[in-house]
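Peer 1: Keeping their order, the protein sequence lines are chains A and B.
According to our numbering, the first sequence holds residues 1143 to 1545 in order.
According to our numbering, the second sequence holds residues 1143 to 1545 in order.
None of these hints come from the bench; they were simulated from the model.
One thing to keep in mind: the hints can contain errors.
If several chains are the same, the list does not tell them apart, and a pair holds so long as it fits within one copy or across any two.
Listed below are the simulated DMTMM-like cross-link pairs for lysine to aspartate or glutamate, each with C-alpha atoms no more than 25 Å apart in a straight line [said to hold, decoys possible]:
1. Lys1166 / Glu1180
2. Lys1277 / Glu1266
3. Lys1277 / Glu1179
4. Lys1474 / Asp1435
5. Lys1166 / Glu1517
Being a predicted model, the structure only gives us computed values, none of them experimental.
Number of protein chains: 2
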Amino acid sequence: MNTASLNALPRGFRFAATNCGLRKAPNLDLGLIVSDEEVTAAGVFTQNLAQAAPVVLCRQHLRNAASRIRAIIVNSRNANCATGEAGVAAAETTSQALAREIGCDAEQIFVCSTGVIGLPLPVERILNAVPALVKAADRTVEGFSGFTRAIMTTDTRPKWAASRCTLSGRTIRLLGCAKGAGMIHPNMATMLAYIVSDAAIAPRLLQRALNLTVRGTFNSITVDGDTSTNDTLLALASGAAANRTITRPDADYRRFLTALENVCRSLALQIVADGEGATRVIEIEVCGAASDDAARQVASTIAGSSLVKTMFAGADPNWGRILAAAGRSGVKIDPRRANIYLGGILTCRGGVEHAFSEREVHRRMLRDFVPVRVELGPGRGRACMWTCDFTADYVHINASYRT
Amino acid sequence: MNTASLNALPRGFRFAATNCGLRKAPNLDLGLIVSDEEVTAAGVFTQNLAQAAPVVLCRQHLRNAASRIRAIIVNSRNANCATGEAGVAAAETTSQALAREIGCDAEQIFVCSTGVIGLPLPVERILNAVPALVKAADRTVEGFSGFTRAIMTTDTRPKWAASRCTLSGRTIRLLGCAKGAGMIHPNMATMLAYIVSDAAIAPRLLQRALNLTVRGTFNSITVDGDTSTNDTLLALASGAAANRTITRPDADYRRFLTALENVCRSLALQIVADGEGATRVIEIEVCGAASDDAARQVASTIAGSSLVKTMFAGADPNWGRILAAAGRSGVKIDPRRANIYLGGILTCRGGVEHAFSEREVHRRMLRDFVPVRVELGPGRGRACMWTCDFTADYVHINASYRT
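One chain only, chain A, in its complex shape (with noise of 0.2 Å):
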């Protein structure tokens, strides 16, 4: 990120990152996004039922100030999860500190966490730092960067895109970034994103447009299957950009969740192009079924298969891995309907092998993009996913022992 990006800093937020104590110096392990004024926020939250106090906490938050939201505050390395009544007091006692800092309720703060689960955070490493962490908050493309590295875990790069579209004649900025989602060493980690945008938007339009584009995006990935219990997507829009405000699912509406959805996408695609030991992205299309919703699992099955995703850590052609996960979907397809196109080559039709070359797809199969289609028929149903590949990295980084 050069400085040039300096224009796409939506307006209305500052940005900062620290050390407070819970990695090694000097590596960053807190961040903040804060806000001038109160903002609108809209979230979305891991559906798994061991979820992490400042999940429980961030869920209320949002429930009672979503349209008068202040600041975001992150922590890696610790999750938080799994930490009883101590974590619940801790991540509500990280939003009073925040919110005493820059003059608002306690309520107006969403807390996050990432990192080792089940051991308890030693919160006061976290409270010390606020203070100098408010001050250090700057609209600089440095204070995003850091805050897009203070939330790795085992990421092995930040990730962050950005946006924009034309709203009543107002430039409308969207800036986003994510982390992946990897396994921290220990332990497992999370997905987490932020979308941070000037439109002004009413809350329950900004929800709307995040509920929808989730599926697509976030909702359209897998690296190993297993979901986190501290997954958050936070989005908030300052309204500083002057627009007319979005009430309504009207044009102005559908250009800014476009906008969203082009965030959203990119985030996701390097979550997965930075999958714990991935060498490559595989974009799983199935086509011809009976319903999106069939299409989708299908997708979703043929995308978690361990046997297809070691196939792609080793290029090899065996559409038969493919036909197989789709057969055992759950979904009634007719296999001798199937078609199978990989890196664009047709391998099986009708399902049966259809005579390719061997080579060339291999040599498809070696770069980083891969898409993959599956044709089941004469139905309108359409869905698409993105996997990467399974290599035995993935297994070095989650197997070790952790002392």
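Knowing the structure of chain A, use the given hints to seat chain B on it.
Peer 2: Okay, now just chain B, sitting in the frame of chain A:
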């Protein structure tokens, strides 16, 4: 299997194996079980909609001739799946040739295949080998032992189990063998299992016993979550022990059922232990759920989690991964009531960490067999699943390029 095991061979069956040219000689690739008389049969087959030609044939023959089966022929190296009309013809021709040789109808024959998917089966090699194979069949340990090796693919060792019971004063023998749920190079393979017994039992009761047994044995194991296109379990009962024929679910039936369960459980555990790349078996016991089905769903999600399976590769006591898998299982659990034992040691109590010796738990997790117990609450639902650890070797075995 030493010569003393001749006592384990049920009366009424002969066995043979040969190399017919599907694999490099002298590797066995074709096995035969043949009965002297017509015998009772039962079967359970893959639920995958992409099912191989021989599976379709076996289902049909079982429907038509469950009380008068004569033989099972199995080839390895080629799954005869996704092979279209030619594949159907190959399976039919095989059953016809074998029927001619032993003097029966084609529908009295079961044909099974395992190995590479999507490649034409060179069926003439099998046909050429049939006459000598039938001639060679005998009731010896060597014959049975050859059969157990002829059906192997990526299995590192043959798998067999024996059991007996007494019914109306007669000794009943059960003998079973299986090949594993691993993946053949370069394509998916299969679980195949065969049980022969000299019990006299009606077809309906044999099928009932098999269905009941499968749930707690072969359907309670997972290696990588991929259901093969060829999975087949067949049971034959010759009646040569001359017990009073089992025709209803009485005490004799229950004794037979127990003996059958013992054989199947042993085979199922051998399959997990020989899972590709596996170094240990993990037993996932879930109790305190609202129902057995709920417990099973939780156990199944834990047993299939890549995160849980890689953690066992490193013998890392990350109980949080188990709690998180339970939380995303779709079953309404309360994580705050969960207790988790690893290797018999309590590591999580009421959803939070319970002080334990990491060193001692690590030491126990290094064993060949690691029991995991998850207590969810006061419910009476209980289930048990077996899985294996997920090592880098699994990826190496399954990622290799075909040529």
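Peer 1: Now tell me if each hint is right for this structure.
Peer 2: Tested hints:
For the identical chains of this complex, Lys1166 and Glu1180 are neighbours neither inside a copy (34 Å) nor across copies (74 Å), given an alpha-carbon limit of 25 Å. Proximity of Lys1277 to Glu1266 under the C-alpha cut-off of 25 Å is restricted to the intra-copy arrangement: shortest distance 18 Å within a copy versus 81 Å between copies. In this assembly of identical chains, the alpha carbons of Lys1277 and Glu1179 lie at most 25 Å apart only when taken from the same copy (16 Å versus 90 Å across copies). For the homomeric pair Lys1474 and Asp1435, the shortest alpha-carbon distances inside one copy (12 Å) and between copies (23 Å) are both at most 25 Å.
For the identical chains of this complex, Lys1166 and Glu1517 are neighbours neither inside a copy (50 Å) nor across copies (37 Å), given an alpha-carbon limit of 25 Å.
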